[in-house]
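Undergrad: What follows is each chain in one-letter form.
There are 2 protein chains.
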Amino acid sequence: MSNERLIYLPLGGAGEVGLNSYVYGYGQPNKERFVLIDLGVAFPNMETSPGVDLIFPDMTWLMKHVKRLEAIFITHAHEDHVGAMAHYCDVLPVPIYVRLFTANILMDKMKDLGKSVEKIKVVRRWTDTIDTGSFRVRFLPVSHSIPESSSLVIESPGGTVIHTGDFKIDPGPVVGAAFDVDLWKNVSSKGIHALVCDSTNVHSGAAGRSESGLAPEIESLIKRAKGMVIATTFASNIARVKTLADAAVRAGRSICILGRAMRRMVDTAVRVGVLTDFPKTVSPENARDIPRENLMLIVTGSQGEPRAASAQLSRGKYMKLEVREGDLFLFSSKTIPGNERGVLQIINQFSNAGVDVIDDSFPHYHVSGHANRPDLEMLHQLVHPKIIIPMHGEHRHLREHARLCRQNGYQSIVATNGTIVDLSGDVPVVAGYVETGRDYLDGKVKYSARDGIVRERLNMAVNGHVSVNVVYSPRSKPTVQVFLETMGLSKYGRSGLLDRELHDQLTVTIKAADRSVLENDTALREVLEHTVKQTCRAEIGKTPTMIIMLNRLN
Amino acid sequence: MSNERLIYLPLGGAGEVGLNSYVYGYGQPNKERFVLIDLGVAFPNMETSPGVDLIFPDMTWLMKHVKRLEAIFITHAHEDHVGAMAHYCDVLPVPIYVRLFTANILMDKMKDLGKSVEKIKVVRRWTDTIDTGSFRVRFLPVSHSIPESSSLVIESPGGTVIHTGDFKIDPGPVVGAAFDVDLWKNVSSKGIHALVCDSTNVHSGAAGRSESGLAPEIESLIKRAKGMVIATTFASNIARVKTLADAAVRAGRSICILGRAMRRMVDTAVRVGVLTDFPKTVSPENARDIPRENLMLIVTGSQGEPRAASAQLSRGKYMKLEVREGDLFLFSSKTIPGNERGVLQIINQFSNAGVDVIDDSFPHYHVSGHANRPDLEMLHQLVHPKIIIPMHGEHRHLREHARLCRQNGYQSIVATNGTIVDLSGDVPVVAGYVETGRDYLDGKVKYSARDGIVRERLNMAVNGHVSVNVVYSPRSKPTVQVFLETMGLSKYGRSGLLDRELHDQLTVTIKAADRSVLENDTALREVLEHTVKQTCRAEIGKTPTMIIMLNRLN
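So the sequence lines, in the order shown, correspond to chains A and B.
To convert, note that position 250 of the first sequence is 250 in the working numbering; the numbers rise steadily by one, no gaps.
To convert, note that position 478 of the second sequence is 478 in the working numbering; the numbers rise steadily by one, no gaps.
Simulated from the structure, these hints should not be mistaken for lab results.
A portion of the hints provided could be inaccurate.
Just so you know, same-sequence chains aren't split out, so a pair can sit in one copy or run between any two.
Heads up, simulated PhoX-like pairs for lysine-lysine below, C-alpha to C-alpha not over 25 Å straight-line [unchecked claim]:
hint : residue 1 : residue 2
1    : Lys491    : Lys64
2    : Lys491    : Lys444
3    : Lys31     : Lys64
4    : Lys533    : Lys444
5    : Lys533    : Lys446
6    : Lys320    : Lys226
7    : Lys491    : Lys446
With the rest of the complex left out, here is chain A (with noise of 0.2 Å):
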């Protein structure tokens, strides 16, 4: 039994931003028991991967194995570490072990999609033990933008980790309980083996500011507001919807909840009972009798997603209510890298209907749900285990992090996505790797990143199409017709139109041809795709993407 091991193996969001997934595994060497930690999404975008829904983590690996899974645990509701869930539950015959708010969270996802819920098991109070094959864990409370969010103590013959999952070290978090410095220290004294610790805010040199400090900066804001004040926020944050909400019964004002997904949080939150004191919201209806200087609007979109009610606002109207000059628009959210560009559109677009925005340049109204770099130190030394693996962070975020702890004195090393870990010693040990990568779902199917759909559609976007159809009839004198047409592609090139041009091209092609090139498919192909790039490089500069359909008559 000595060669037993426990190994830590991260197959999404080490190395990048969402699709938080991993595995810890003990025994024998490649006879290891699994568990899953979180299972999330991350989000498309039009210069990577255009008409994706979603992002999943590579499931390939995990499949695999799935024999060898125990269990999964999920450490809080966030898309990024529960989104895939629902979309997997039914291929994964474990438990998946969630406090209550995220288990509601993931129940609405899985019946949307007409899975079963019987595999959730709700995890009451920290100290409820899940024991699994080789594994003992705890869900470990933890401050963080969202409720019931945990760390997970996972004892194991191996030692003991904590994962931390997200978190940062928040003494008044709004809604839910405060970091409990005394417990961690508790849970900590009998030894931490390893901690594999969030990454996301290394960068941050400052000490990390408590949600509650907010308050008083967002009621003297909207106290000062002459119209209609609108305020956006990540839907989860359901702290700071109720900072916000209580800021505006304080200045007098009416609230109005606007958003599918941030009310589903809210009514969620209220009915597990982690939000109490909720002031009461009117409807969208009743909202367009309040006079504007008594009425806030809370709504979604703070990331700039340009269906959600911030865009359609500054683009106009949403559930018939309207910005008016004078309004107040804020941001309590910071713009996540990438998302600049939609965010600002609806800035200018506000700024135009004389709209006041406060965006993320100015501090006061918002604060991060991760530990910055002072607070990472304080948990390392709380916990004070041998080893800690920096995870949830890009490349540059595990880089700096691992440094940091190198700096204090812990063993750490960066363990990108498919970095087989062994924990096992004082040293972290890299024992392997698995392949990894993206999965997509795109409508109602799921294929591979690796699949070249999405490289296709690039190809499409960056180059236009031409479909091309040539007719073959072998009959008492062979005849040859050619149609086409092209999308995407300027309609005139240097000579004209550019069908024309390329009817034209391609018919002389096959005049020209061969009989034994015009019988065989791919010589034939060949030719009709050079005469298309050809003609086009000649008329427009391009080359396209095309299909070509040789159509042989009987």
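Put chain B on the given structure of chain A with help from the hints.
TA: For chain B alone, coordinates are given in the frame of chain A:
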């Protein structure tokens, strides 16, 4: 003659980033004679303009009134001010007045496109005066981030306007003359009617910093570096390239410039005499033989452009030079909003290669080329016009700038692209609107953004594509054959191969169709489209773009 008027009409750059293009006119309404200031480009992106090479201002209005155009003036050689000039010089039959450095940059562009450069008129010194029909124009030097930037002093019977172009107030710009407060005072002492003013940094509340302040910080950073140092900045920021090069020399390093655009800028600056004492550089070939700790690369690609030197180095090598663990990469630049994703990718790739990256979160290694809010106010006071019109900025910048001006007692309005502003009186008056937009250069052709070509491309990128082709042979017994191919779509749907299912459903549709449908192109096309849509929705949950070719054989 009393109804003659002085008008200002932005065609690009007012309410957006890039595409700077401003018209001034003087004369009776609708008979004004015009001058054009700048003709810049903007850069495409995958979200809104995939496959496009360059974006130009919509030239429709200008071409319609080209006979009333007297002259063109280019304030400086940045792409967003001069980039479109070479593409339209043929159709704008008027002289182009520029300073010597700008002239050389523009001439290179025109020669690249095979255009005659004879229209270019070099303005040697600030006292040179250009008389057009109604205007007398002089180039008033300003500091900015490229040599020989100029404001324009535009005298007319309706009063004098100063058009700032891009500027900052820099007493030590490293290359070129310092901002000359006395000269500006002198010019302004004769009474300036209107100031049309750069708005880029109106939201930056701190006083601007001087280019010359960077040298000590950069030098100290390079001296501390152990491996190779690579620094990137905007190719045209000659002053910064010099600061970087001088610092490298003082730190005992040889300099190698990588990237054609930067090499060209430096060579031009040396040739025309605006850049003196530039240190000797080594070629990439020779750089390979220099010990890493004695080498500094100054490279293009500060905005994450995937084909520029920075991105290529981050992915492996460029010109056979490669980075190694322990090297240092410095962004001596700011990431322009919208470019974050590309820049972060480079940073993470360098991180993966063990290279330390100093990005724009460190303020010590870059200063902006635009006047911050206090400097704008200083210029307003210095010039002390009756009217200030904000230009060069998104709507949020123009609006904030106009507000600032009004606060300080100036007449001001927000005039976005297409707004004709009558500047004749003491108060600016909106006298009308002209339609403006964007034109695209795509390969060898230009077309309007309104033409729908790019919309088709985005549609293909998001929804994928199906080409269907139906061959109808009206022989003794009519036969209909269906051929199809997809692009950018999942190969498999719910029932198996998507192609096969589409083929089957289309065949069923055709078999079921009445003769009246089969013989009517519109009707047949409609049922085929409907079948493709329904089948794709059912199979893969998407509605692809499609080309349907109906081939009726004789």
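Undergrad: Now tell me, hint by hint, if it's right for this structure.
TA: Hints and how they fare:
Taking the shortest alpha-carbon separations for Lys491 and Lys64, only the inter-copy value of 23 Å comes in at or below 25 Å, while the best intra-copy value is 50 Å. In this assembly of identical chains, Lys491 and Lys444 lie within 25 Å of each other by CA distance solely across copies; the values are 13 Å between and 34 Å within a copy. For the identical chains of this complex, Lys31 and Lys64 are intra-copy neighbours only, at 13 Å inside a copy versus 77 Å across copies, given an alpha-carbon limit of 25 Å. Taking identical chains as interchangeable, the C-alpha atoms of Lys533 and Lys444 lie at most 25 Å apart only when they sit on different chains, with a minimum of 14 Å there against 34 Å within one chain.
For a Cα distance limit of 25 Å, the shortest separation of Lys533 from Lys446 across copies, 19 Å, qualifies, whereas the shortest one inside one copy, 33 Å, does not. Taking CA atoms no more than 25 Å apart as the test, Lys320 paired with Lys226 passes inside one copy only; the shortest distance there is 21 Å, against 62 Å between copies. Proximity of Lys491 to Lys446 under the C-alpha cut-off of 25 Å is restricted to the inter-copy arrangement: shortest distance 11 Å between copies versus 35 Å within a copy.
When each numbered hint is compared with the structure, no violation occurs for any of them.
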